[in-house]
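As they're listed, the protein sequences go chains A and B. Note that the first sequence covers residues 1 to 675 in the working numbering. Note that the second sequence covers residues 1 to 675 in the working numbering.
Please note that the accuracy of each hint is not assured.
Because identical chains cannot be distinguished in the list, a pair is counted as satisfied if it fits within a single copy or across any two copies.
[Claimed, not checked] Capping the alpha-carbon separation at 25 Å, the derived lysine-lysine pairs in BS3-like fashion look like this:
| hint | residue 1 | residue 2 |
| --- | --- | --- |
| 1 | K33 | K603 |
| 2 | K147 | K603 |
| 3 | K211 | K232 |
| 4 | K232 | K215 |
| 5 | K232 | K182 |
| 6 | K530 | K33 |
| 7 | K530 | K646 |
| 8 | K603 | K336 |
| 9 | K646 | K289 |
| 10 | K636 | K567 |
| 11 | K359 | K336 |
| 12 | K533 | K232 |
| 13 | K359 | K533 |
| 14 | K567 | K336 |
| 15 | K377 | K33 |
| 16 | K335 | K91 |
These are calculated hints, taken from the structure and not from any lab test. As the structure is a computational prediction, the values presented were derived from the model and not from experiment.
Number of protein chains: 2
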Amino acid sequence: MRKSAILYLCLAVFLPSLLAAAEPLALMPVPEKMTMAEGQYRFDASFTLAVEGQAHPRLYSGATRMLRRLSGRTGLFMTQDVITPQTRVEKPGLIIRCQRPGKVALGEDESYELAISPAGVELRCVTDLGGLHGLETLLQLLQADEKGFFFPALSIQDKPRFPWRGLMIDVCRHWLPMEVVKRNLDGMAAVKMNVLHLHLSEDQGFRIESKLYPKLHQLGSDGFYYTQAEIKTIIAYADERGIRVYPEFDMPGHTTAWFIGHPELASAPGPYTIERTWGVMDPTMDPTKESTYRLLDRFLGEMAALFPDPYLHIGGDENSGKQWDANPAIQAFMKKNNIRDNHSLQAYFNSRLLKIVTKHGKRMVGWDEILHPSMPKNIVIHSWRGPDSLVQAARRGYQGILSNGYYIDLIQPASYHYLIDPVRPDAQLTPEEQARILGGEATSWAELVTPETVDSRIWPRTAVIAERLWSPASVRDLDDMYTRMEVISRQLEELNLTHIRNYEMMLRRLANQQETAPLRVFTDVVEPLKIYKRHSQGVTYYSYSPYTRVVDAARPESMTARSFARKVEAFLKAPSGPEGGEILNQLALWQENHARLLQTMAKAPAIREMESLSRDLADLAAAGLQAGEAIQEGRKLGGEWGAVQKELIERAKKPRGQTELMVVEPIARLIQAAQ
Amino acid sequence: MRKSAILYLCLAVFLPSLLAAAEPLALMPVPEKMTMAEGQYRFDASFTLAVEGQAHPRLYSGATRMLRRLSGRTGLFMTQDVITPQTRVEKPGLIIRCQRPGKVALGEDESYELAISPAGVELRCVTDLGGLHGLETLLQLLQADEKGFFFPALSIQDKPRFPWRGLMIDVCRHWLPMEVVKRNLDGMAAVKMNVLHLHLSEDQGFRIESKLYPKLHQLGSDGFYYTQAEIKTIIAYADERGIRVYPEFDMPGHTTAWFIGHPELASAPGPYTIERTWGVMDPTMDPTKESTYRLLDRFLGEMAALFPDPYLHIGGDENSGKQWDANPAIQAFMKKNNIRDNHSLQAYFNSRLLKIVTKHGKRMVGWDEILHPSMPKNIVIHSWRGPDSLVQAARRGYQGILSNGYYIDLIQPASYHYLIDPVRPDAQLTPEEQARILGGEATSWAELVTPETVDSRIWPRTAVIAERLWSPASVRDLDDMYTRMEVISRQLEELNLTHIRNYEMMLRRLANQQETAPLRVFTDVVEPLKIYKRHSQGVTYYSYSPYTRVVDAARPESMTARSFARKVEAFLKAPSGPEGGEILNQLALWQENHARLLQTMAKAPAIREMESLSRDLADLAAAGLQAGEAIQEGRKLGGEWGAVQKELIERAKKPRGQTELMVVEPIARLIQAAQ
C-alpha cells in the first residue's frame with residue numbers, strides 16, 4: 001500500500017508536465033500504480049483488438065462492448081465485427097492477454113496491467129475479470145485533442161484493495177424493474193464494483209417468484225416481482241460483467257409482505273396487507289413454530305438453487321419485538337427454553353436459520369444484529385452500525401463488510417462517503433484480522449426513490465465509494481475526487497443510466513412547459529433534506545405518494561453550490577481576483593430569478609411550495625451582492641444592515657418542500673466579511 | 001363524420017371565450033365530438049376514483065396507473081391505494097361506468113363518453129378498452145391556473161375512425177430490448193393506438209426464441225432475441241393497455257438470419273453469416289423444397305400458439321429473385337409446374353404459406369407484393385406502396401392497412417405524415433369497400449436507430465399518425481396540430497420515453513463536456529437527411545457503426561427552424577411587427593455561435609465534421625442580419641451583395657455529416673426580400 005501511494009504521488013507531480021495539452025486524467029477508481037510515459041497511442045476507425053490466451057467467453061463479449069462504446073464516443077466507424085475466440089486480427093491496436101478463465105466469486109484474481117505506448121495498447125490479466133476492469137480503465141483513459149483521439153502512453157498495475165465491493169439495491173420499498181437493475185450493473189462494472197446485493201423481501205413487497213410458495217409473490221407484491229427467469233437473466237447479465245449477485249431475505253422482522261399469503265408465519269394472527277408507509281413495523285416471524293422453519297427450509301432451498309453465489313443474506317435487522325412480547329405462546333416458549341430476552345430469541349432464530357442456510361450450501365450474511373456469542377465464525381457481519389462494530393467482529397474472528405457511511409439514500413455528499421474507510425486507520429488490527437474486513441456495500445434503500453429517480457440517488461456518488469473500496473487508502477484528495485467524479489458521471493450516461501438526463505425531464509414536467517430555466521436556476525442550488533429529516537417535515541410519505549416534486553428532481557449534491565462556496569473562499573482571500581465578477585454575476589442571476597420563477601409558477605401549481613424559498617434565495621442574493629460590492633470597494637456595511645441580514649440568513653436556512661438551500665453558508669460568509 | 005366536424009368547428013369558436021384564463025386544450029387525437037361547458041372540476045389530494053359495472057381487470061390497473069400519473073404530474077399526495085373490484089369509495093371525483101369486459105381484438109368497441117362538470121367527472125364506456133382511452137383523454141385535459149389543478153367542464157363522445165391503428169417496430173436491423181418495446185407500448189396507449197406489429201426476422205437478425213428450431217435464434221441473433229417468456233410479458237403488457245400484438249416473419253426474402261442455422265432453407269448453398277449492411281439482399285428461401293414448408297409449418301405453429309392475436313404477417317416484400325434465377329433446380333421446378341416468373345413463384349410460395357397460416361388459425365397479412373390473383377379474399381394487404389394500391393385492393397375485395405406515408409424512419413416532418421389519409425378523398429369507394437380499409441401503421445424501420453435514439457424517431461411524430469387514424473378526417477389544421485404535438489410530446493416523457501431527454505445526453509457525449517450550449521444551438525437547426533439520402537453520402541453504415549453522431553442526436557424536425565420560418569413570413573408581411581427583433585436576435589446568436597462551437601470542437605473531434613456547416617450557418621446568419629436590418633429600414637441591398645449571398649445560400653444547402661441546415665430557406669427569403 002505504501003509503495004503504491006508513493007507512485008501515486010509521483011503521478012501527481014509528473015502529470016501536469018507530461019500532459020500539458022490534454023485533459024487531466026479522470027480515472028475512478030484510481031489505479032494502485034500508474035506511471036506516465038512520453039507520447040500517445042493515436043488511433044482511427046481502423047482500430048481493432050485481439051484477445052489471446054485462455055479467457056471465459058465474457059471477455060470476448062466485454063471486449064465487443066468496449067469496442068462499441070469506443071466507437072460510440074468517438075463517432076469513428078470501426079468495422080470490427082463481434083469478437084469471438086475465432087477472431088483473427090492483423091496488427092491490433094489493443095491486445096488482451098489473459099491467462100485463464102475467471103470465476104465470478106469472492107477472492108478471484110481481478111488484477112490487470114495496462115501498457116500504452118505510441119505503438120499500441122497491451123492489456124494483461126490473470127483472469128478475464130481483471131481484463132474487464134482493464135477495459136473500463138482504458139475507456140476512462142480516452143483523450144482528445146486538436147488532432148483526434150488517443151490514449152496517453154503509460155503503464156498501470158492495478159488490483160483491488162478489498163475483494164467485496166458491492167451495491168445493495170432495495171427493490172421492495174419501491175419496485176424497480178429489471179432494466180433498472182441491468183443499467184446499474186453496467187454502472188457498477190464501469191467503476192469496478194463486483195457484488196450486487198438484492199434486497200428482495202420487505203414489509204412493502206415480496207419481489208421474487210417462488211414456485212413452491214407462490215402466494216408469497218402473488219399476494220405480497222401488487223404484481224411487481226422478478227420471475228425466476230428474470231432473476232436468471234440478471235445473474236447472467238451480472239456474470240458477464242464480473243459481478244456476483246446474492247439475495248437478501250430480511251427476517252424475522254421486515255416481513256409483512258410474506259404474511260399476506262402466509263399469515264401462519266407471523267407472531268400475531270393477522271390478516272395482513274402490504275405495508276404502504278415507512279419505518280420499523282411490528283410484524284415478525286414466529287421463531288417458536290416448527291412450521292416456520294419448514295417453510296423457510298423449502299423456500300431458502302429454492303432460492304439457494306436459483307442464486308449460484310455461495311452467500312445468502314438473512315437480514316436480521318430492526319425487529320421491534322412487539323409481536324413477540326404480546327404473544328403468550330412465544331412468551332411460554334421463551335420461559336420453557338430459558339431464553340431470557342428478544343435478542344436471545346432472535347439469536348435462537350438465527351441459529352436455526354444458519355442450519356438451514358448451511359444445509360443448502362450457503363454462507364450466511366446478516367446485519368449487525370446477528371452477531372451473538374452463539375454464532376459460529378463462518379457468518380459474515382454486514383455492518384450498518386459502523387466501522388467499530390466491524391473492527392470488533394474482525395477481532396472476534398468474524399468476516400465483515402461495511403455499509404455504515406455508505407447509505408447513499410441518506411443524500412449525504414460524496415465527500416462524506418469518500419472519506420469513510422472500512423478499516424478505521426487507528427484500528428490496530430493484525431494482518432489476519434484486517435483480512436477479515438472484506439469490503440463494503442453502498443446501500444440504496446428505496447423509500448424515497450422510483451425507477452425515475454433511483455439512478456440519481458445511486459450515481460455518481462456510488463463511484464466514489466467504489467474508489468474507496470478499490471484504490472489505495474491514501475487516495476483521499478477531495479478536490480481531485482470531485483473533478484474526476486464529474487467526468488465519470490457523464491461517462492456513466494452511455495450505459496443508459498438516467499441520473500443526469502432525468503433531471504431536466506422532471507423539471508419540464510414540474511414547470512408544465514418546455515422552458516425550465518428559472519426552475520433550473522433554483523433547483524440547481526437546493527438539495528433534499530439529509531439523513532432521515534425528510535420524514536419529519538409534516539409530510540407523510542406513502543409508497544404511492546408522488547416522488548416527482550422539486551425535492552425529488554433536486555440532486556443529492558449541488559455542484560453549483562459547491563463551486564460557488566469555493567469561489568467565495570477565493571474571493572475573500574483575494575477580493576480583486578477573477579472570482580469576484582463570477583460571484584456577482586451568479587448572485588445577480590439568483591436575485592432576478594425569483595420574478596421569473598413566479599411566472600413559471602403561475603401555470604405550475606406543483607412548484608408553488610417553493611415560492612418562499614425562492615424568495616429567500618433572491619433576498620439573500622441581493623444582500624450578497626451588496627456585500628460583495630462593498631468588499632470589492634473596501635467598504636464596510638453598517639451594523640443595522642448586518643442585523644437585518646442575520647434574520648434573513650436564519651429564515652433562509654429553514655427547509656421548504658423538504659429541501660434546503662445550499663448557498664446560505666457562502667452568502668452568509670460574504671455578508672459577515674462585509675461588516 | 002360531417003356532424004362531428006361541425007362540432008369540432010364549434011369548439012374552435014367557443015374555446016377562446018370559455019377558457020380565456022387557461023391553456024388551450026391539447027388533445028391528441030382530437031375526439032370525434034366535444035362540447036365545452038361552463039366552469040371546471042377542481043380537485044386536490046383527496047381526489048379518488050371508482051369503477052362501476054363490469055370490466056376486465058385491465059381497467060382497474062389502468063385506473064390505478066392513471067391515478068399515479070395524475071399524482072405524479074400534480075405533486076398531490078393522493079392516498080387511494082391500488083384500485084380493485086373490491087375498492088369502495090365515497091364521493092369519488094371520477095366514476096368510471098363500464099358495461100362489459102372488452103377483448104383486445106380487431107373491431108372491439110373502443111368508444112367512451114366523458115362528462116366533466118364542476119361536481120366531478122363521469123367516464124362511460126361499453127368496454128374497458130374505451131375506458132382506458134377515456135382515462136388518457138382525461139389526463140390530457142389536466143389544466144392548471146393560479147388556483148390549482150382542474151379539468152375543464154365539457155362533454156366528449158369519442159370513438160375511433162379506423163379499428164387498426166398500429167406501430168410496427170423493427171427489432172431486427174438494430175436490436176431493441178424489451179424495455180424499449182414496453183415504453184413504446186405506453187406511448188401508443190397514450191395516443192390511443194391499438195396494434196403493435198413486431199418485425200421479428202430479417203437479414204440482420206432473428207429476434208425470437210424458437211424451442212423447436214433453436215438454431216434460428218441461437219445462431220441468427222448475436223444473442224439478442226426475445227425469449228418466449230419475454231414475448232408473453234410483452235403481450236400481457238400490451239393487453240393491459242388495450243393493444244394487440246402480432247408478429248411478422250418476413251419471407252421468402254429478408255431471411256439471411258434464418259440461414260445461419262438452417263442453410264437448407266435457402267435457395268443457394270451458403271454458408272451464411274448475419275448481414276451487417278443495409279439494403280435488399282439476395283438470400284431467399286427455396287420455395288420448391290417440401291422441407292422448407294415442413295419447417296415453416298412447425299415453426300409458424302409454434303409462433304401461432306405464442307401470439308394469441310388472429311393475424312400473422314408473412315412479409316413478402318423485396319425479394320431480389322437472384323438466388324432463384326441462379327438455382328437450376330428452382331428453374332426446373334418452375335418449368336415443370338408452368339410457373340412463368342419469380343412473381344408467380346412467390347405467389348406459389350405465398351399460397352403454400354397461406355395454407356399453413358390458416359391451418360394454425362391465423363389470418364395472413366403481407367406487404368403489397370402478396371397481392372396476386374391467386375390469393376383468397378381473407379388476407380390483409382399491408383401497403384408500403386401507397387393509398388392507390390390500398391384502394392385497388394379494397395375494390396377487389398381485400399382488406400388493407402396503410403403504411404406508405406407513415407414511414408417514420410424516413411425522417412419526414414409531422415405535417416407530411418399528418419395529411420396522409422388511408423382513404424384517398426377522391427377514391428369514390430362504396431361504404432362496403434371503404435370499410436375494408438382497416439387503418440394503418442407507422443413503421444419504425446431500424447437501420448439507423450439504436451435503443452438510445454429510437455424513441456426520438458418514433459415520438460412525437462407517431463402521435464399525429466395516431467390522430468389521423470382516430471380523429472375525423474376533417475381535423476387537418478397544421479398549426480393547431482403542431483401546438484398540440486409539442487404538449488403531448490412532453491407528456492409522453494412521463495412514460496419513460498427518451499425522445500427528449502436523450503438529446504441533451506447525446507450532445508454532452510459529443511461535446512465531451514457538461515457545457516453543450518453552442519453545440520445545441522447548432523444541432524437545434526439541423527435535421528438528418530430524409531428518405532434514403534443518408535445512405536448516399538459516401539458513408540457506409542453497418543449495424544455496428546456509431547449511431548451517436550450529430551446526425552443521430554438531431555431531431556427529425558427542427559421546431560426552432562419551423563418557428564423561425566414562420567416569424568420570417570410574419571416579418572416580411574409586417575416589418576415593423578414584434579417578429580423583427582426576435583429574428584434579428586436569433587440571427588445574431590447563430591452568427592456568434594460558430595466561434596463558440598469551434599472552442600467546443602477543440603476537445604471534441606466527433607463534431608468536427610460539422611465545422612463547415614456551422615460556418616455556413618454563421619455566414620448565412622450574418623447575411624440575414626444585413627437583410628433584416630435593411631428591410632426594417634426600408635433600404636434595398638445592391639446587386640453584387642445579392643450575387644455573393646446567392647453563392648452562400650447554395651453552399652449552405654449542401655448536406656454535411658448527413659444532415660442539412662433547416663434555416664437556409666427562410667434566411668434566403670430575407671435575403672431575397674432585401675434586394
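Structure-based check of all given hints:
Within a single copy, K33 and K603 get their C-alpha atoms no closer than 56 Å, and across copies no closer than 27 Å, so neither meets the 25 Å cut-off. In the homo-oligomer, the alpha carbons of K147 and K603 lie at most 25 Å apart only across protomers (9 Å), although the nearest pairing inside one protomer, at 49 Å, exceeds that limit. Proximity of K211 and K232 under a CA criterion of 25 Å is satisfied in both settings, with 14 Å inside one chain copy and 18 Å between copies. Taking CA atoms no more than 25 Å apart as the test, K232 paired with K215 passes in both settings, with 21 Å inside one copy and 21 Å between copies.
When the C-alpha separation of K232 and K182 is checked against a cutoff of 25 Å, the pair qualifies both within a copy, at 12 Å, and between copies, at 20 Å. For a Cα distance limit of 25 Å, the shortest separation of K530 from K33 qualifies neither inside one copy, at 36 Å, nor across copies, at 51 Å. When the C-alpha separation of K530 and K646 is checked against a cutoff of 25 Å, the pair qualifies only within one copy, where the shortest distance is 24 Å, while the shortest distance between copies is 61 Å. With identical chains, the CA atoms of K603 and K336 are never at most 25 Å apart, being 67 Å at best within one copy and 75 Å at best between copies.
In the homo-oligomer, the alpha carbons of K646 and K289 never lie at most 25 Å apart, since the shortest distance is 63 Å inside one protomer and 91 Å across protomers. Taking the shortest Cα distances, K636 and K567 sit within 25 Å of each other inside one copy (21 Å), while across copies they are farther apart (51 Å). With identical chains, the CA atoms of K359 and K336 are never at most 25 Å apart, being 27 Å at best within one copy and 71 Å at best between copies. In this homomeric assembly, K533 and K232 never come within 25 Å of each other (Cα to Cα): the closest approach is 38 Å inside a single copy and 43 Å across copies.
Proximity of K359 to K533 under the C-alpha cut-off of 25 Å is found in neither arrangement, the shortest distances being 43 Å within a copy and 65 Å between copies. Within a single copy, K567 and K336 get their C-alpha atoms no closer than 68 Å, and across copies no closer than 88 Å, so neither meets the 25 Å cut-off. In the homo-oligomer, the alpha carbons of K377 and K33 never lie at most 25 Å apart, since the shortest distance is 35 Å inside one protomer and 74 Å across protomers. For the identical chains of this complex, K335 and K91 are neighbours neither inside a copy (77 Å) nor across copies (53 Å), given an alpha-carbon limit of 25 Å.
Of the numbered hints given earlier, the model fails hints 1, 6, 8, 9, 11, 12, 13, 14, 15 and 16; all others are met.
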